[in-house]
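Participant: Model the full structure from these sequences, guided by the hints.
Letter by letter, the chains look like this.
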Amino acid sequence: MKRLPPQAGEWIDRGKPLRFTFEGIGYEGYAGDTISSALLAAGVRVLGRSFKYHRPRSVLSLANHDVNALMQVSSCFSVPNVRADVTPLAEGLRATAVNTIGGVARDRARFLEWLAPFLPVGFYYKAFHKKSQFPFWERVFRRTTGLGTVDFSARRKGSPKRYAFCDVLVIGGGPAGLAAADAALRAGARVALVDENPRLGGSGLYNLGGADGERQAEETRRLAAIAAAGAVVYVSSYAAGYYADHWVPIVTPGHVVKMRARAVVVATGAYEQPAVFRNNDLPGVILASAAQRMLARYSIAPCKRAVVLAANDDGYRAARDLAAHGVEIAAVVDLRGANSRGAVPPGTLVLEGHGIHEALADSQGALRGVRVAPLARDGTLDGYQAREFECDGLLMSTGWAGAAPLLYQAGARMEFSAELQQFVPAACPPGVYAAGRVNGVHGFAQKLRDGAAAGRAAAAQSRKPGSVDGAAPSCRQERAQSGMPSHPYPIFAHPKGRNFVDFDEDLQLKDFFNAAQEGFDNIELMKRYSTVGMGPSQGKHSNMNAIRVLAKILGRTPGEVGSTTARPMFHPVPMSHLGGRGFMPERATPLEGRHAAASAVWMPAGQWQRPEYYAVENQTREAAIRAEVAAVRGAVGVIDVGTLGKIELFGRDAGAFFERIYTAKFAGMKVGSTRYGLMLDESGVVIDDGVIARLGEEHFYFTTTTTGSATVYRELTRLNAMWRMEVGIVNVTGHFAAINLAGPRSREVLAPLTALDLSEATFPYLGAREAQVAGLPARLLRVGFVGELGYEIHVPASGAAHLWDQLMKTGAAHGIRPFGVEAQRLLRLEKGHIIVSQDTDGVTNALELGMDWALKMDKPFFVGQRSLEAMGRLPRKQALVGFTLDEPDTGMPKECHLVIESDEPAGRITSIAHSPAVGRVIGLALVAPALSKVGSTLNIRIDGGRMVRATVSETPFYDPKNLRQKQPETA
Amino acid sequence: MTCPINGPRPVSEFFYHGELRPMPDPQAATDDAWADYVFNRNGAPGVKREWWYHLPSGVWFIAERDTATDQVLRTYLYSDAVAEAVQ
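Order-wise, the sequence lines are chains F and C. Residue 339 in our numbering sits at position 331 of the first sequence; the count goes up by one each step and never skips. Residue 75 in our numbering sits at position 21 of the second sequence; the count goes up by one each step and never skips.
Derived from the structure by calculation, the hints contain no laboratory data. As the structure is a computational prediction, the values presented were derived from the model and not from experiment. One should not assume that every hint holds.
Claimed, not checked - Non-contacting residues of chain C with respect to chain F, defined by C-beta distances greater than 10 Å in every case (computed):
1) C57
2) N60
3) E67
4) D85
5) R95
6) P99
7) V101
8) P110
9) E118
10) T121
11) D124
12) R128
13) T129
Stated by the list, open to error - In silico DMTMM-like pairs for lysine to aspartate or glutamate, Cα to Cα no more than 25 Å straight-line:
14) F/K867 with C/D86
15) F/K867 with C/E118
16) F/K864 with C/D86
17) F/K864 with F/E705
18) F/K885 with C/D85
19) F/K864 with C/D85
20) F/K472 with C/D79
21) F/K139 with F/E690
22) F/K867 with C/D79
23) C/K102 with F/E690
24) F/K169 with C/D85
25) F/K867 with C/D85
26) F/K673 with C/E67
27) C/K102 with F/E336
Stated by the list, open to error - From the structure, some residues in chain C lie toward chain F, with a derived Cβ separation under 10 Å:
28) M77
29) Q81
30) Y91
31) V92
32) A98
33) W105
34) Y107
35) L109
36) L127
37) L131
38) S133
The beta carbon of each residue, even a glycine, is placed where N, CA and C say it ideally should be.
Facilitator: Written out as structure tokens, the structure reads:
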């Protein structure tokens, strides 16, 4: 193949030659070439090997569907599965065909074709049927089938996501799409136009057909100029899918644009469909439209001598285009009967009522000729009467399948038109319009009218939703003038097979008959069993023929067989486009700097980063945590608890509101006191816990768990909207900082900083006060999470660092020490205090926690109460218990290790740690009720399958009478 | 999605809570009726009244949505729904 003389409108720039290699051999192409077009121009006939049989293959569509010309392309790193038919050529590019053993020319895996009789349809399923054979077949398949190889040395490539908005999004820049954009622009709409080609115009610039082609091209260019001037145009880009509310991701070469439109015109055109006959996959057998693209865009003659297989007007237009560029036409073979022929150059042989019996291969495996046979009355070919024609190119023009995935995804109702032999939209959802070939409208003038109608409707809809009926604009007339664009059954059996229906997966015609015979005679089943349409092209070239074959087998129409739905993405999208920067916002308390200065080791807690412990030079993690624990038990410690959710409630019904959402009672609660409450969902499962402080008759302040603040706040506002009580709810989590000062010396540390009387008598355990602390307005809660005398001090976030510094200063003489989450976990475990979502899970109900004191079942109502009441009458399923490990030296269990009873799981560890105060390993476990009595033995399976024993014990493990929390002041 | 307070906003700004289902009287309901309320959901497609939440502004409202077509027919505040029911 050679380049044709320069012509107007060609996409290549002959002034810019580019050097590249394919399979290690150097070639030259031009800027504007794709890898495939440059290779074709250089005379390379075999571009790839097929997936299963490793047959030589080449260009089929030159329109992003050439799944047998996938390349491994190397520049700075190696990229697999690059589509050579649409990937622009670049200087220095190095390409090899994927899925070969020893190169595309002499692929050693080509022997697989001789094994074809032993590789029946559904072979995967049959091979994997026995578990024992799985590893063997997996190795075989991985080696012989498949695509490119992933380069693990590739660096992560960032790709920004962009957002865009428009009134009318037109998808497809062919004649119909351009007419739609023009009409929408005229109506004053903001229009965005997407086309997957580097230039607008679509078939208007290559499906010329000789005589009137130039006039059509001129009109196309005029409309393209209007669109380019008035619309936001995305070329070399495609709409990857349709999502709710006209939300369409547009994949551009560098990034994804998330486009939100008010109305969408789908003018995506149609995929030309191959005919099925023996050896229809040889290099040189191409779609007629692919030949036209070669001619018009890349100035390549697809062959020297062509046979054209036609069943529609488009085939004759292609023949005229070939002739116009000087390609010899051996014959036009028309599948239709007499009097259906179109215009051909003088002297061209036209064989009506004939088909291709088989294509013939040369020594390279490329096309050298075809055998043409007359069609019998039943639509089969009579091979005995076949005539041979020498040719190096065979153009197939037998029909079209609408590029309708976006319409399916949008929820359009599709129906099969017997006249057009095509699935066309019968009804589109509001704001979605189809135009052009995807709408069953095929002629150039008809497409312009159909596109303009769709563009007008979309513009009107975008101005005023509902103003235009959601159904497709009337296109009956345009469809009627489209002739018979598709042959009903361009599929021909051959005794020797190799008549491929699916080029992705090497599926032959007989595979479908066999699949149907094995019972997979429904389109969805057949698809999955035979894998038709499941390859890289997602059935763009195989689904329609598969439907026709199945319809034939079942004696039904394609409409009755139905179509499968093509899901997003429309084409494969590079992972780098989809991956983004991880957006995980992290929250920091105002004390972050103080923790860092104190050598905090961080751990995530929901959205927050919290100090796990504070590292000490020359000390292990365990030693540092032990020292923190010792400080709290023996002297005083401080912990930043600003991550707790903090919510305020105001209003006349605030107390009554709490009665309904927490398990505790609030009616008799005094101002200046706190209560502990469990929050349940309607099924009685514990979802949160917290401390509620009553600051005034109609004013409450309460905390939620660190991870629960947003969801608790959201749910409370919903309940408030529903219950319509006189309550105002404010989430002040970020407004307040909170520091827990805990330990026997905490009162002495706090006293110098406040005028508040801290004596046990005036500010007792579970009290709440508002006072100035270190010059800051503060809320003080006497809480005992860690089991010592303690004050939770809440101050405005801006004052947190000052308070921290002051506490450290006055605490210095008392041995104050900041402590982290790990120490706090141990301290509270010694007290038997639960952590919701660590010691409970998504099904743990409040009755199972052994905290019946917190459940005021005699209240009139609280969320979850009725469910607890019902469950209370049933046997418990599990119970939360404390335990101590019998022999600590035999092995240390971890959280989530199982409790085993009679070889069956009977519970799991939820918390465990070595307690210095108790001198034992202690923990909490959710266990079967039978094991929940104090003194029961728990057999715990630890790492490595070993068993250790523990004994259920009373909680709290430490200071069971809570004396330390109520320590009176030392006077 | 049209928030009754903020107008049409991208659907990604919203949180879906579930169908609005009236709670039976906890005192009067049998265990079976209560369990049905707590655990069973009606998945049959059709027009449902649902709780939706506009995350940035914290507005809860009711959306009437056809779950067969995913079309939101109308949205309003819960208080308006109660007012409507009373009338």
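Participant: Please go over all the hints and tell whether each is borne out by the structure.
Facilitator: Here is how each hint holds up against the structure:
1. The beta carbon of C/C57 is kept farther than 10 Å from every beta carbon of chain F, the shortest such distance being approximately 13 Å.
2. At the 10 Å boundary, the C-beta of C/N60 stays outside the reach of chain F, the nearest C-beta of that chain being 15 Å off.
3. The Cβ of C/E67 sits about 12 Å from the closest Cβ of chain F, beyond the 10 Å cut-off, so the non-interface label holds.
4. Annotated as non-interface, C/D85 brings its C-beta within 10 Å of a C-beta of chain F; the closest such distance is 5 Å.
5. For C/R95, the shortest C-beta to C-beta distance to chain F comes to about 12 Å, beyond the 10 Å cut-off, and the non-interface label holds.
6. The beta carbon of C/P99 sits about 13 Å from the closest Cβ of chain F, which is more than 10 Å, so the claim that it is off the interface holds.
7. Look at C/V101: its CB is around 16 Å from the nearest CB on chain F, clear of 10 Å, so calling it non-interface holds up.
8. C/P110, annotated as away from the interface, keeps every beta carbon of chain F farther than 10 Å; the closest lies near 12 Å.
9. Against the 10 Å criterion, C/E118 stays outside the reach of chain F, whose nearest CB is about 16 Å from its own CB.
10. Every beta carbon of chain F lies more than 10 Å from that of C/T121, the smallest distance being close to 13 Å; the non-interface claim holds.
11. Some Cβ of chain F comes within 10 Å of the Cβ of C/D124; the nearest lies about 6 Å off, and the non-interface call is violated.
12. With a closest Cβ-Cβ approach of about 13 Å to chain F, C/R128 is found to remain outside the 10 Å limit, as its non-interface label requires.
13. C/T129, annotated as away from the interface, keeps every beta carbon of chain F farther than 10 Å; the closest lies near 13 Å.
14. With a C-alpha separation of about 22 Å, the suggested pairing of F/K867 with C/D86 holds against the 25 Å cut-off.
15. The hinted pair formed by F/K867 and C/E118 fails the criterion: a straight-line CA distance of about 35 Å is larger than 25 Å.
16. As the CA atoms of F/K864 and C/D86 are separated by approximately 23 Å, the hinted pair is consistent with the 25 Å bound.
17. A distance of roughly 21 Å separates the Cα atoms of F/K864 and F/E705; the hinted pair therefore holds under the 25 Å criterion.
18. Distance hint between F/K885 and C/D85 is fulfilled; the C-alpha atoms sit about 18 Å from each other, no more than 25 Å.
19. Restraint check for F/K864 and C/D85: the C-alpha separation of about 20 Å stays at or below 25 Å, so the hint holds.
20. Between the alpha carbons of F/K472 and C/D79 the distance comes to roughly 45 Å, so the proposed pair goes past 25 Å and is violated.
21. Pair hint F/K139 plus F/E690 does not hold up; C-alpha atoms about 45 Å apart against a cutoff of 25 Å.
22. Using a Cα cut-off of 25 Å, the hinted pair F/K867 and C/D79 holds, with the two alpha carbons roughly 15 Å apart.
23. Restraint check for C/K102 and F/E690: satisfied, since their Cα atoms lie roughly 21 Å apart, inside the 25 Å limit.
24. Between F/K169 and C/D85 the CA atoms are separated by roughly 51 Å; this puts the pair beyond 25 Å, and the hint is violated.
25. Between F/K867 and C/D85 the alpha-carbon distance is near 19 Å, which keeps this suggested pair within the 25 Å criterion.
26. About 36 Å separates the Cα atoms of F/K673 and C/E67, which puts this hinted pair outside 25 Å; it is violated.
27. Restraint check for C/K102 and F/E336: the C-alpha separation of about 66 Å exceeds 25 Å, so the hint is violated.
28. Using the Cβ-Cβ criterion of 10 Å, the hint placing C/M77 at the interface with chain F is satisfied: the shortest such distance is roughly 8 Å.
29. This hint holds: C/Q81 has a C-beta 8 Å from the nearest C-beta of chain F, less than the 10 Å allowed.
30. Interface restraint check for C/Y91: the shortest CB-CB distance to chain F comes to about 8 Å, inside 10 Å, so the restraint holds.
31. Nearest Cβ of chain F to the Cβ of C/V92: about 5 Å, under the 10 Å cut. The hint holds.
32. A cut of 10 Å between beta carbons decides the hint on C/A98: the least distance to chain F is about 19 Å, and the hint is violated.
33. For the restraint placing C/W105 at the interface with chain F, the shortest Cβ-Cβ distance is roughly 6 Å, inside the 10 Å limit, so the hint holds.
34. Contact between C/Y107 and chain F, as hinted, is supported at the beta carbon level, the nearest pair being about 6 Å apart and thus within 10 Å.
35. With 10 Å as the threshold, the beta carbon of C/L109 comes within range of chain F, its nearest partner Cβ sitting at about 8 Å, so the hint holds.
36. For C/L127, the interface hint is violated, the least distance from its beta-carbon to any beta-carbon of chain F being 12 Å, above 10 Å.
37. Checking C/L131 against chain F: minimum C-beta separation of about 7 Å stays under 10 Å; hint holds.
38. Because the closest C-beta pair between C/S133 and chain F is about 6 Å apart, less than 10 Å, the hint holds.
Hints 4, 11, 15, 20, 21, 24, 26, 27, 32, 36 from the list above are not met by this structure, while the remaining hints are.
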